[in-house]
Amino acid sequence: MITAGIDGGARTIKVLILQDGKVLAKSSSVTGFDQEASVAQAFQSALQQAGLEREQLQHTTATGIGRKVLRTASMAQSEVTEMSADAKAAVFLFPSVRTVIDVGAEEGRAIRCEPDGRVKDFAVNEKCAAGAGTFVETMARTLEIQLEEAGALSLKAEKVIPMNAQCAVFAESEVVSLIHSGAAKEEIIRAVHEAMADRISAMARRVGVEREVVLVGGVGRDIGFIQALTGKLEMELLVPEEPEYVGALGAALIAAERASSQGG
Amino acid sequence: MAEATLTAPKREYWRWKEYNWRDESLDWRQANVISVGIDVGSVSSQAVVLCDGKLFAYSSLRTGSNSPTSAQKALESALQETGLPREKIQYIVATGYGRVNIPFAQKAITEIACHARGANFIYGPSVRTVLDMGGQDCKAIRCDERGKVTNFLMNDKCAAGTGRGMEVMAELLQVPIEEVGSASLSPPEEPPPVSSTCVVFAKSEALGLLRQNWSKEKVLAAFCLAMAHRTVELLSRIGVEKDFAITGGISKNVGIVKRIEAELGIQALKPTIDPQIAGALGAALFAKALYEKEGAGKASSGG
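Note that the protein sequences, when read in sequence, are chains P and Y. Quick note on numbering: my numbering labels position 108 of the first sequence as 108, and the sequence is numbered without any gaps. Quick note on numbering: my numbering labels position 68 of the second sequence as 1068, and the sequence is numbered without any gaps.
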């Protein structure tokens, strides 16, 4: 059985094609102002990689903030919430996982899940940039460093300096004054990671943190954040190789379930 | 020099004007008590000079990286051309975010108390609810007829509904900060508010709206509506009792004030004195009272 999952995120759209539990192809594109065009592009490239035609897909499920648009545009036959997709994929990748922490560009989520990958409880932050990838991105820009180097730089910090601002706008002013006061870039970016980890760990504690814990979403690529969150939660985190594709993987897994139940 | 004529300086739309004011009809030499209040906020600093409790001079400047220097500069700016020497000042009270760090102030008092006291002076004793919309925070204050605080709520965690949030939007849309309010009222109809509370998210939302060919004014209207709504939520948590007044820098933004009034169904009192100096003014009034109390003690022991 061949299915696809589309994750229409705030910043990037991810498409993943799955055959009997094996990933055939994946592709992403920037969520532009024309979301349909962006999806079509990512979709086309994934199909090409897999050497497939669209008709060969038995079911496509959409997730992410743009899932309604994708559904209306007939890009997908069904939709699923980010929480369900995350939980499904997390348990698929790491069967021992009971808590999923998903930090994307503009949202953060903590999900408790059942051993079979169903959602038990969750908490979401979609209101405040300080608990999402945008926060690190904005601060990296203020520090004039590349987002990709933020993680490695953060690990070089020799001490932890506090960050008082809880808002991305205020934090930007605080970072500017830290730069002026002569603080090292690595210490400032470390402070940014610690501040964000504070907020994400607080959200995770609201739903309860049960082992094992997996970190997914694009921010899972930031080693500085992983380190900071590990410290706050006082436990090791599992991180998949391509954490940004976990939502799309979950959607594709759910698509397979739906296709087989329809078939039966 | 040549460079300056070749390249025009980049315009900074967020950059509000610094200013000072003095009452030329008042003679400080006739005053028994000269008191000063200095409000060192996170974005702006004000100094107010009172002669026997009458408004004599004030200033409003941008806060620098250092509180004592910012307080010093604000005071110097207020005293400019008044002929009043520093040593004639009998009592200084500091307030605001940087208040504890002003070595030349005799006392520090919270900005909550000072804003309530200042609003009582500006708007009269009928004021029961004061909304102070500052640079990096927003406070809803309930007070009695003497300007004494009875309750308050504060948002200092989030830029939504603060001056910094407005600066960000002014810069993004390239509308001078002083014109944001009136520009936001120019579209014939109110658009739906932006859905994001967070200023960072509202920024990306605003860009999306511009791409959909919304005018800058319409985007500002949508933004001001959301910010006003956020502020009304804060006010509603503490309850609004009439009379209602707004202080702080955003009280000059007619686009926010009108929308708060509309949502509350209550008109805000119209100020006759610059409401941005309310905190420093309250501090100066406290300074006068403290001087009279402490000074009276000295006078009696001396006699």
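No wet-lab data here; the hints were simulated from the structure. The reader is advised that the hints may include incorrect statements.
Under the rule of at most 20 Å between Cα atoms (straight-line distance), these lysine to aspartate or glutamate pairs were calculated in the EDC-like manner [as the list claims (entries may be wrong)]:
{"#": "1", "chain 1": "Y", "residue 1": "Lys1157", "chain 2": "P", "residue 2": "Glu174"}
{"#": "2", "chain 1": "Y", "residue 1": "Lys1242", "chain 2": "Y", "residue 2": "Glu1178"}
{"#": "3", "chain 1": "Y", "residue 1": "Lys1017", "chain 2": "Y", "residue 2": "Glu1087"}
{"#": "4", "chain 1": "Y", "residue 1": "Lys1107", "chain 2": "Y", "residue 2": "Glu1087"}
{"#": "5", "chain 1": "Y", "residue 1": "Lys1258", "chain 2": "Y", "residue 2": "Glu1294"}
{"#": "6", "chain 1": "Y", "residue 1": "Lys1258", "chain 2": "Y", "residue 2": "Asp1274"}
{"#": "7", "chain 1": "P", "residue 1": "Lys127", "chain 2": "Y", "residue 2": "Glu1205"}
{"#": "8", "chain 1": "P", "residue 1": "Lys68", "chain 2": "Y", "residue 2": "Glu1205"}
{"#": "9", "chain 1": "Y", "residue 1": "Lys1157", "chain 2": "P", "residue 2": "Glu172"}
{"#": "10", "chain 1": "P", "residue 1": "Lys127", "chain 2": "Y", "residue 2": "Glu1233"}
{"#": "11", "chain 1": "Y", "residue 1": "Lys1157", "chain 2": "P", "residue 2": "Asp198"}
{"#": "12", "chain 1": "Y", "residue 1": "Lys1017", "chain 2": "Y", "residue 2": "Asp1156"}
{"#": "13", "chain 1": "Y", "residue 1": "Lys1242", "chain 2": "Y", "residue 2": "Glu1263"}
{"#": "14", "chain 1": "P", "residue 1": "Lys127", "chain 2": "P", "residue 2": "Glu158"}
{"#": "15", "chain 1": "Y", "residue 1": "Lys1270", "chain 2": "Y", "residue 2": "Glu1145"}
{"#": "16", "chain 1": "Y", "residue 1": "Lys1258", "chain 2": "Y", "residue 2": "Glu1217"}
{"#": "17", "chain 1": "Y", "residue 1": "Lys1157", "chain 2": "P", "residue 2": "Glu126"}
{"#": "18", "chain 1": "Y", "residue 1": "Lys1010", "chain 2": "Y", "residue 2": "Glu1178"}
{"#": "19", "chain 1": "P", "residue 1": "Lys127", "chain 2": "Y", "residue 2": "Glu1081"}
Hint check:
Between the alpha carbons of Y:Lys1157 and P:Glu174 the distance comes to roughly 13 Å, so the proposed pair stays at or under 20 Å and holds. For the suggested pair Y:Lys1242 and Y:Glu1178, the alpha carbons sit about 28 Å apart, so the restraint of at most 20 Å is broken. Between Y:Lys1017 and Y:Glu1087 the CA atoms are separated by roughly 29 Å; this puts the pair beyond 20 Å, and the hint is violated. The straight-line distance between the Cα atoms of Y:Lys1107 and Y:Glu1087 is roughly 17 Å, inside the 20 Å bound, and the hint therefore holds.
Restraint check: the Cα-Cα separation between Y:Lys1258 and Y:Glu1294 comes to about 43 Å, which exceeds 20 Å; the hinted pair is violated. Between Y:Lys1258 and Y:Asp1274, the direct Cα distance comes to roughly 18 Å. Compliance with the 20 Å bound is thereby established for this hinted pair. Restraint check: the Cα-Cα separation between P:Lys127 and Y:Glu1205 comes to about 13 Å, which is no more than 20 Å; the hinted pair holds. For a cut-off of 20 Å, the pair hint linking P:Lys68 to Y:Glu1205 stands: about 18 Å separates their Cα positions.
For the proposed pair Y:Lys1157 and P:Glu172, the alpha carbon gap of about 13 Å is at most 20 Å, so the pair holds. Between P:Lys127 and Y:Glu1233, the direct Cα distance comes to roughly 15 Å. Compliance with the 20 Å bound is thereby established for this hinted pair. For the hint pairing Y:Lys1157 with P:Asp198, the CA-to-CA distance comes to about 14 Å; that is within 20 Å, so the pair holds. The hinted pair formed by Y:Lys1017 and Y:Asp1156 fails the criterion: a straight-line CA distance of about 24 Å is larger than 20 Å.
A distance of roughly 15 Å separates the Cα atoms of Y:Lys1242 and Y:Glu1263; the hinted pair therefore holds under the 20 Å criterion. A C-alpha spacing of about 33 Å is found between P:Lys127 and P:Glu158, which places the hinted pair above 20 Å, so the restraint is violated. In summary, the hint linking Y:Lys1270 to Y:Glu1145 is supported, as the alpha carbons are separated by about 18 Å, within the 20 Å threshold. A C-alpha spacing of about 15 Å is found between Y:Lys1258 and Y:Glu1217, which places the hinted pair at or below 20 Å, so the restraint holds.
Taking the CA atoms of Y:Lys1157 and P:Glu126, the gap is near 16 Å; set against the 20 Å cutoff, the hint holds. Taking the CA atoms of Y:Lys1010 and Y:Glu1178, the gap is about 18 Å. The hint holds against a cut of 20 Å. The suggested pairing of P:Lys127 with Y:Glu1081 is violated, with an alpha-carbon distance near 49 Å, which exceeds 20 Å.
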